[in-house]
Amino acid sequence: MVIFLRNKYSVCPGCSLLCDDIEIEMKGTEIDKANNACIKGVSRIKDTKKLESKIDGNEVNQDEAIFKAAELLQNANNPLIFGLDNSTTEAQLEAIKLAKLISATIDDNSSFCQGPIVNAILKNELKTCTLDDVRDYADVLVFWGADPSNSHPRLNSKYAYYPRGKERQRGWDEDRTAIAIDVRESSSSVLCKDNFYQIPPRSDGELMTALSSAFSGKMPKVSFDIETQRILKLSNILKKAKYGVIFAGLGLTYSQTGIETIKNFLTELNTYSNFHLIPMVGHYNMRGFNQALYNETGYVNRVKFVKNESGNLDIKHGLQYSVLEQLNNKEPDTVLIIGTDPFTSMPHSVAKKLKEVPTIIIDPCETLTEKIADVVIRSAKSGIECGGNAIRIDGTCVELVPIINSGCLCDEHIICKIMEEI
Amino acid sequence: MDDFGKYLSKPEHEIRIITYRDVFQSSAAEKSKFSDEYKNLSAIIQLDKKDIKKMGLKIGHNVIVKSTVGEVTVQLKVIESDIPHQGFAYMPNSPWSNAIVPLSDDRSGVPEYKMLHATIKDAKNESITLIEELIA
Ligand code: SF4
Chain A
7 MVIFLRNKYS VCPGCSLLCD DIEIEMKGTE IDKANNACIK GVSRIKDTKK
57 LESKIDGNEV NQDEAIFKAA ELLQNANNPL IFGLDNSTTE AQLEAIKLAK
107 LISATIDDNS SFCQGPIVNA ILKNELKTCT LDDVRDYADV LVFWGADPSN
157 SHPRLNSKYA YYPRGKERQR GWDEDRTAIA IDVRESSSSV LCKDNFYQIP
207 PRSDGELMTA LSSAFSGKMP KVSFDIETQR ILKLSNILKK AKYGVIFAGL
257 GLTYSQTGIE TIKNFLTELN TYSNFHLIPM VGHYNMRGFN QALYNETGYV
307 NRVKFVKNES GNLDIKHGLQ YSVLEQLNNK EPDTVLIIGT DPFTSMPHSV
357 AKKLKEVPTI IIDPCETLTE KIADVVIRSA KSGIECGGNA IRIDGTCVEL
407 VPIINSGCLC DEHIICKIME EI
Chain B
2 MDDFGKYLSK PEHEIRIITY RDVFQSSAAE KSKFSDEYKN LSAIIQLDKK
52 DIKKMGLKIG HNVIVKSTVG EVTVQLKVIE SDIPHQGFAY MPNSPWSNAI
102 VPLSDDRSGV PEYKMLHATI KDAKNESITL IEELIA
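These protein sequences, in sequence, are chains A and B.
Residue numbers 7 to 428, in this note's numbering, belong to the letters of the first sequence in order.
Residue numbers 2 to 137, in this note's numbering, belong to the letters of the second sequence in order.
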């Protein structure tokens, strides 16, 4: 094993904050400590085990697994490629090339989480800002359906609430107001004290409408139990913000508040104030996948490449190309899953459909889904055993420099090898 | 009496479930999803203490949670919070919650992670659903 000569600091690929201040301490050839990282980051960085590739549950060498995967994909009429949110941008681009080569459907986890918000940001339909802007200027923070203490543990200490910034020199208790709007009390809402607004599930859109009324001086009305005075107080804080930021969490996305409602609310709010929105994408490079596919096709996810009669590629897009619809309707005849675990993250009524199709997994870790897979190809853990670029939660590109070299191929090179075989 | 009681079916109670993320559970997942640590932090459901009393359930006991698409046996916990949440239960996002989360009927393509209708009942002597059983 080779240990790279590193800069003083490494980047943590544990979540989309991509914290770039991690001090690694080695014990021999093993990572011993990941100082500054949160508990989740430490586990991601330190718990790197060497596992074997498999065909039908039997251990094989990696080349055999790659060859078998290529054979399955080559013979497929309607392959699906899913995942890639824990891969570097370079690997994502190779996967898009593979999807074109074999006329596949390609989708990622944003398909059932933050996709619509990232799409609106890439189209400049939602005003956004960087985390550095948040640290330097933000005076009002709104965690809407978001619980960063659990999803992005260092957001508040590194960028949002606690640090001093250029125009925020007096500390969090004087200089910043944090607000939580959520269906449940969370570790983050507790920080917001009286500025926690608990609302019933799926009432987010209704609260946005009520706040919009309050902005324009009308009496806000909602069908659920909340004092009108509290809505008026919230509307006042939002209107008076010098530099506001809404952290849009999964709670907001899953509340089924349409993206149009969110866009209209932000536009209305910004006739009085100066608000920005950052989507709380989870996986470290989900924004990278959205950006890469958007640059190639004009869509952030749910894309199918189809060869037309003249041999050129048509790009199809829509709900029917989402991983959930594809699997639920038993459309794909081979599935390639890269760096994600459907049995952990998606409804099992859908994930169980994978048992009926040849399934290939590329992953550095032991996943639940690999137990039903035909082929498992072990890859290097990206950001730790291999490097590349990734797009942070706020759209900033961050370079990942590998910490150790385990000799394992990264997913980028595995995908290239599959394409060579095909 | 005890012997007779075990043949009586336990009452089912309706509940709406909201799933959530937990950093300690995410950290355990990074180490191993097949560990007891991950199971203990994932295979749980949290209810309001008034609901627990009303439903005659016991904190720390196992309960069967059933939706239109599946059922799991998990451990019952309570949240010590000043804010009541009667009628709503919380489960961490995990293979156990995903065993019972249905797809939504609308066109968003987003499953019902934040509003899942289910029933809950005492699990008698049943043990927590093993992760291997969830994949089977
Ligand atoms: S907050 Fe995210 S990126 Fe930062 S150390 Fe924790 S897991 Fe890693």
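What the hints contain is simulated information worked out from the structure, not anything from laboratory work.
Glycine is no exception: its CB is placed at the ideal position from the N, C-alpha and C atoms.
A hint or two may mislead.
[Stated by the list, open to error] Among the chain B residues that face chain A by a calculated CB cut under 8 Å, a handful are:
| hint | residue |
| --- | --- |
| 1 | N99 |
| 2 | L104 |
| 3 | V111 |
| 4 | Y114 |
| 5 | I129 |
| 6 | L131 |
How about I129 of chain B: closest beta carbon in chain A under 8 Å, or not? violated, 16 Å
Regarding the hint that L131 of chain B lies at the interface with chain A, is the smallest CB-CB distance below 8 Å? violated, 12 Å
If you take the shortest Cβ to Cβ gap from L104 of chain B to chain A, is it below 8 Å? With a minimum Cβ separation of about 6 Å from chain A (threshold 8 Å), the hint on L104 of chain B holds.
Report holds or violated for the interface hint on Y114 of chain B, using the least CB-CB distance to chain A and a cut-off of 8 Å. holds, 5 Å
Does the nearest C-beta of chain A fall within a distance shorter than 8 Å of the C-beta of V111 of chain B? holds, 5 Å
Do the numbers back the hint for N99 of chain B, that is, is its least Cβ distance to chain A under 8 Å? holds, 5 Å
When held up to the earlier numbered hints, the structure conflicts with 5, 6 and fits the remainder.
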